Structures are given as structure tokens and as C-alpha cells.
Amino acid sequence: MAAKLSQKTSRRIFKPLVFLIALLPLAWLGYALYSDTVLGTRLLTNDPVQKLDRELGDWALILIIITLAVRPARELLGMNEFIAYRRMIGLFAFFYVLLHLSSYTILNLQINLDEFLVDVAKRPFITIGVINFVGLAALAATSTRGMIRRLGGRNWRRLHMLIYGISVLGLIHFIMMIRADFSRPFIYGGCIVVLLGYRLWTGRRKRIPA
Amino acid sequence: MLIRIKKASDVSSSEITSKEAILNRRAFMTAAAAASGVALLPTFAGPAFAAARLENVKKTKWGEAEKPATLEGITSHNNFYEFGTGKSDPKRNAHTLKPKPWTVEIAGHAEKTGTFDLDDLIRPHQLEERIYRMRCVEAWSMVIPWVGIPLGDVLKRLGPTSKAKYVAFETLVDHEQMPAQRSPALPWPYLEGLRMDEAMHPLTLLAVGIHGEVMPNQNGAPIRLVVPWKYGFKGIKSIVKISFVEKQPPATWNIQAPREYGFYSNVNPERSHPRWSQSRERVITGEGGIKALFAPRAETKMFNGYAEEVASLYAGMDLFNNF
Numbered sequence: 031m032a033a034k035l036s037q038k039t040s041r042r043i044f045k046p047l048v049f050l051i052a053l054l055p056l057a058w059l060g061y062a063l064y065s066d067t068v069l070g071t072r073l074l075t076n077d078p079v080q081k082l083d084r085e086l087g088d089w090a091l092i093l094i095i096i097t098l099a100v101r102p103a104r105e106l107l108g109m110n111e112f113i114a115y116r117r118m119i120g121l122f123a124f125f126y127v128l129l130h131l132s133s134y135t136i137l138n139l140q141i142n143l144d145e146f147l148v149d150v151a152k153r154p155f156i157t158i159g160v161i162n163f164v165g166l167a168a169l170a171a172t173s174t175r176g177m178i179r180r181l182g183g184r185n186w187r188r189l190h191m192l193i194y195g196i197s198v199l200g201l202i203h204f205i206m207m208i209r210a211d212f213s214r215p216f217i218y219g220g221c222i223v224v225l226l227g228y229r230l231w232t233g234r235r236k237r238i239p240a
Numbered sequence: 024m025l026i027r028i029k030k031a032s033d034v035s036s037s038e039i040t041s042k043e044a045i046l047n048r049r050a051f052m053t054a055a056a057a058a059s060g061v062a063l064l065p066t067f068a069g070p071a072f073a074a075a076r077l078e079n080v081k082k083t084k085w086g087e088a089e090k091p092a093t094l095e096g097i098t099s100h101n102n103f104y105e106f107g108t109g110k111s112d113p114k115r116n117a118h119t120l121k122p123k124p125w126t127v128e129i130a131g132h133a134e135k136t137g138t139f140d141l142d143d144l145i146r147p148h149q150l151e152e153r154i155y156r157m158r159c160v161e162a163w164s165m166v167i168p169w170v171g172i173p174l175g176d177v178l179k180r181l182g183p184t185s186k187a188k189y190v191a192f193e194t195l196v197d198h199e200q201m202p203a204q205r206s207p208a209l210p211w212p213y214l215e216g217l218r219m220d221e222a223m224h225p226l227t228l229l230a231v232g233i234h235g236e237v238m239p240n241q242n243g244a245p246i247r248l249v250v251p252w253k254y255g256f257k258g259i260k261s262i263v264k265i266s267f268v269e270k271q272p273p274a275t276w277n278i279q280a281p282r283e284y285g286f287y288s289n290v291n292p293e294r295s296h297p298r299w300s301q302s303r304e305r306v307i308t309g310e311g312g313i314k315a316l317f318a319p320r321a322e323t324k325m326f327n328g329y330a331e332e333v334a335s336l337y338a339g340m341d342l343f344n345n346f
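Protein sequences appear in the order of chains A and B. With this note's numbering, letter number 197 in the first sequence gets 227, and the count goes up by one each step, no holes. With this note's numbering, letter number 300 in the second sequence gets 323, and the count goes up by one each step, no holes.
For the record, the hints were derived by calculation from the structure and aren't laboratory data. Since this is a predicted model, take the numbers as computed values, not measurements. Heads up, some of the hints might be wrong.
[As the list claims (entries may be wrong)] Calculated from the model, a selection of chain B residues having no Cβ within reach of chain A, i.e. all distances over 12 Å: (1) L141; (2) I145; (3) Q271.
[Unchecked claim] Computed from the model, here is a short list of chain B residues facing chain A with C-beta under 8 Å: (4) K110; (5) S111; (6) V196; (7) L209.
[Stated by the list, open to error] Covered by chain B, according to a simulated footprint, are these stretches of chain A (three or more residues, beta-carbon under 8 Å): (8) 67-76; (9) 139-150.
Just so it is clear, CB atoms sit at the ideal spot from N, CA and C, and this is done for glycine as well.
All chains should be modelled from the sequences, with the hints used to inform the complete structure.
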């Protein structure tokens with residue numbers, strides 16, 4: 031009883047905390063924009079359209095990687111609590127991807143549909159980005175308890191395995207956009223390889239009959 | 024050799040000036056620096072805040088109607104990978120560059136070759152201000168009031184021979200002065216080249232200043248190339264070597280990604296970069312925040328709007344394949 035209560039309490043404290051932490055990047059970008067406009071700083075550089083695009087994409091990928099880390103964190107570190115926040119973190123990843131796509135279409139392309147369609151058709155890294163957006167939207171739409179019930183646990187788990195593919199495509203999308211300096215995709219790639227490797231390794235072990 | 028460069032055996036100014044006078048001058052400079060609250064910095068070139076005005080600069084008709092970006096904007100948004108790959112890195116890191124004294128080696132098929140002191144190379148020419156549009160291959164642009172001299176005038180004085188078909192340029196390699204060269208972001212030195220007629224074209228500039236001030240380090244001090252009808256990366260910075268060559272010389276971005284960056288790299292809205300359209304550009308004015316976020320994009324023009332002057336250089340050439 032006592033354990034249950036403390037779990038409830040910790041959730042009551044940590045859930046809003048995780049929520050607020052996930053909002054920090056956006057809050058920072060909002061502050062930077064305010065500061066650049068009112069205080070004359072250049073936190074978002076002289077080319078804020080580009081900077082905003084990059085920052086939002088970066089944070090989307092980081093949050094995707096964090097959702098991948100939830101399961102190993104539970105299994106290896108015994109952080110059972112953490113799993114309760116995976117859906118929220120995943121939804122935030124989708125939220126940042128949505129903002130990333132919006133900044134690209136609204137601020138960068140200035141709502142030029144023709145140009146957007148040409149980009150999607152002709153430029154593989156943008157095609158990949160849009161595919162990823164659709165994939166994440168599907169995961170977000172099926173993240174509710176009702177949808178889990180409707181799909182059945184097994185189908186739902188299968189569908190949500192997509193997140194691994196999305197993380198790899200996200201990384202490729204990032205690498206394809208870069209002109210030089212691959213240090214950041216190298217770090218993200220390392221994380222993805224380790225987390226994906228762990229998943230494959232543990233998945234295989236489970237299938238071995240006891 | 025046309026221009027004499029200082030030898031070790033030459034009389035140095037400290038031998039002419041009395042020691043007392045030098046000490047007095049030092050004391051004065053220290054006091055002045057302390058009073059103004061800035062560190063003692065080289066006087067010829069340095070970061071924007073320490074820049075010196077260039078004297079006797081002739082105004083020209085170029086870009087009279089344009090509204091230049093602010094000095095702050097031009098000096099804080101730079102692609103200069105020798106100081107880091109981020110746009111704000113050069114401003115932060117370029118203080119390590121020592122643009123004076125500076126020598127430029129002239130090599131290849133010319134009558135006058137050798138190593139020249141930069142001041143001697145520039146001094147015979149009248150400095151001009153030219154306000155040019157600068158279109159970056161990354162789909163942004165800036166209007167920049169350069170101070171410089173036409174490259175062609177300098178080249179003519181060096182007497183290129185009939186074998187000189189191209190001009191090759193090289194940036195300094197020095198891990199102390201350009202710390203980011205320790206990372207292999209690009210193969211160093213940065214290389215660029217022009218066809219002889221492009222190099223001799225009156226629009227092509229060797230720039231030594233911006234907004235009437237000595238070239239800030241982060242913009243390519245002390246001397247850089249400006250070719251306004253080409254993408255910005257053709258404008259090689261901190262030049263230490265100019266060679267007259269027979270064959271098309273290597274160019275860094277062309278080596279790095281030949282599918283994306285051609286040798287010519289003329290601004291061409293019709294020919295998109297494989298990863299983005301080149302038909303429009305974000306005009307960077309130095310303004311930040313909300314205003315810059317919603318500033319309308321401009322249509323990119325053929326040859327960056329200099330078609331009238333330069334289109335004839337490429338008459339009959341397939342500009343799609345020779346991009």
C-alpha cells in the first residue's frame with residue numbers, strides 16, 4: 031500500500047516535471063526570438079529561419095532517441111517509473127517534428143505549395159522527412175489507451191516498432207542535409223546504434239526457449 | 024621583381040625611432056586602450072570593434088540603389104570553416120588570425136612572380152567602394168559595401184603570359200591562426216579558381232575592407248576575392264597565393280561534392296542545388312528576431328542580377344552542365 035502510494039505521488043510530481051522539461055527547448059527558442067526582437071541580441075543568428083528549422087529538427091531527433099532509451103533504462107537500471115512517461119515523450123517528439131515541418135513550410139518556403147511538392151518529389155532528404163512525419167503521426171494517433179485496446183496489444187507493439195525505423199530515417203535525413211562537420215549526427219548515430227543493438231540483442235534472447 | 028619585400032637585413036623602424044619615443048608611444052597606447060576599455064589589438068585589422076577606417080576610397084556607381092546590410096550583420100554571419108562551421112563561429116574565433124604583416128605569393132605563368140608584401144601589392148591602386156549583392160549557395164543573400172581594387176588591374180601588372188588560362192587562389196594554412204583547420208571539415212588549404220576572362224572582368228574584386236573599414240578577420244582579412252555573379256563560396260578568403268595556370272585549377276567545394284558545386288558556380292535560379300531550390304533567397308540585412316523571421320524572400324536573378332555585365336563571358340555555353 032505504501033509502495034503504491036509513493037508511486038502515485040512520484041507520478042504526480044514527475045509527470046508535470048517531465049512535461050516541463052520537454053517544453054524547455056521550445057521555451058528557449060521563444061525566449062531567443064523575444065530577446066532578438068526586443069533586446070537586439072542574435073541568439074537565433076541573423077538568419078533565424080534557418081536556425082529555427084535546425085533547432086526544431088535537432089530536438090525532435092533527440093526526443094525520439096530518448097523514447098528509445100526508456101526500455102533499456104527500465105531493464106538495465108530498474109527505472110520502472112520511467113515507462114509511464116514514454117508516451118508523453120513520444121508525443122513531444124511528434125510535436126517538435128510538427129513544428130519543424132511547420133517552420134520549413136511556413137517560414138522557409140512561405141507557404142508555397144508548388145515549391146513544397148517539388149521539394150518532396152525531387153529532394154530525397156525532404157521525402158524522407160515527410161515519410162517520417164507521417165510515420166510519427168500514425169504512432170501519435172494510436173498512442174491512446176483506446177487505440178491500444180482496439181488494435182490489440184500485439185498489433186500495437188508491432189506498429190510501434192516503427193519508431194526504430196523512424197529514428198534511423200531521422201538520422202539519415204539529418205546527415206543528408208549537412209555540408210560539413212558530421213560530429214552531431216555521429217553522436218546521435220552512436221546512440222541509435224547502441225539502443226537498436228540492445229533491442230535486437232534482448233529480443234533475440236527472449237526467443238531462445240528456456 | 025616589381026615590388027620589394029622586406030628582408031631580415033633591412034633597417035627596422037625600431038632602429039630609426041629612438042627607444043624613448045617608442046616607450047612613450049607604448050605608454051600612450053596602453054593608456055588609450057585602458058581608457059577605452061578594450062584590449063590592445065593590432066591596428067591594421069582585427070574584429071569589427073577594433074577596425075580602422077580606410078582612407079582615400081573612391082565611391083563608384085555600383086549598388087547605389089541597394090541598401091547594404093549592417094556591419095554587425097555582415098561580420099556576425101559568416102561561412103569561414105577555418106574558424107568553425109557555425110555561422111557565428113568566425114566572429115567568435117577569428118581573433119587568432121594575424122592579418123599584418125601579410126605576404127602573397129605570385130606563381131605560375133607571369134612575368135613577375137615571387138612573394139610580395141600585401142601593402143606593396145595594393146598600394147599602386149586606387150581603393151574603390153562597390154556595393155555588391157552576395158548570394159550564398161545556401162539560398163541566403165546579403166548586400167555588402169566592399170572596399171577593394173579590381174583583380175584584373177593587379178593581374179595585368181604582374182604580366183600574365185599566353186599560357187595563363189586560369190587563375191588559382193589559395194587560403195592560408197596555419198593551425199595556430201586558424202584553429203578549426205585542426206578538424207578535417209574540409210581539405211585544407213581552401214582552393215578556388217577563375218577562368219582568365221572571369222578574373223580580368225572589371226566586376227571581379229580583390230577586397231580589403233567592408234563599410235569603409237579594414238577587412239574584419241572573420242570576413243577574410245586581409246585580402247579576399249569577390250565575384251558578385253557567382254555563389255559566395257567562390258570568394259576565397261585570406262589569400263596567400265595566386266597562381267597563373269594553364270589548366271582548370273581545383274576548387275575546394277567542387278572536390279568535396281562535385282555533384283553539388285561546379286567549378287563555375289554562377290548564380291542560376293534555374294538550376295537547383297540537388298538538395299534545395301535556388302529560385303529564391305532569404306535576404307539577410309542584419310535585422311534579427313521576428314522581422315527577419317517573416318521577411319519576404321527575394322527572387323534570385325540569373326548571374327545574381329549582373330547578367331548585363333557578364334552573360335557574354337558564357338555565350339554559347341551550356342550553363343546547366345557547366346554549373
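Here is how each hint holds up against the structure:
{"no.": "1", "hint": "L141", "verdict": "holds (28 Å)"}
{"no.": "2", "hint": "I145", "verdict": "holds (30 Å)"}
{"no.": "3", "hint": "Q271", "verdict": "holds (23 Å)"}
{"no.": "4", "hint": "K110", "verdict": "holds (5 Å)"}
{"no.": "5", "hint": "S111", "verdict": "holds (6 Å)"}
{"no.": "6", "hint": "V196", "verdict": "violated (17 Å)"}
{"no.": "7", "hint": "L209", "verdict": "holds (6 Å)"}
{"no.": "8", "hint": "67-76", "verdict": "holds (count 8)"}
{"no.": "9", "hint": "139-150", "verdict": "holds (count 4)"}
Going through the hint list in order, the structure does not satisfy hint 6, though it satisfies all others.
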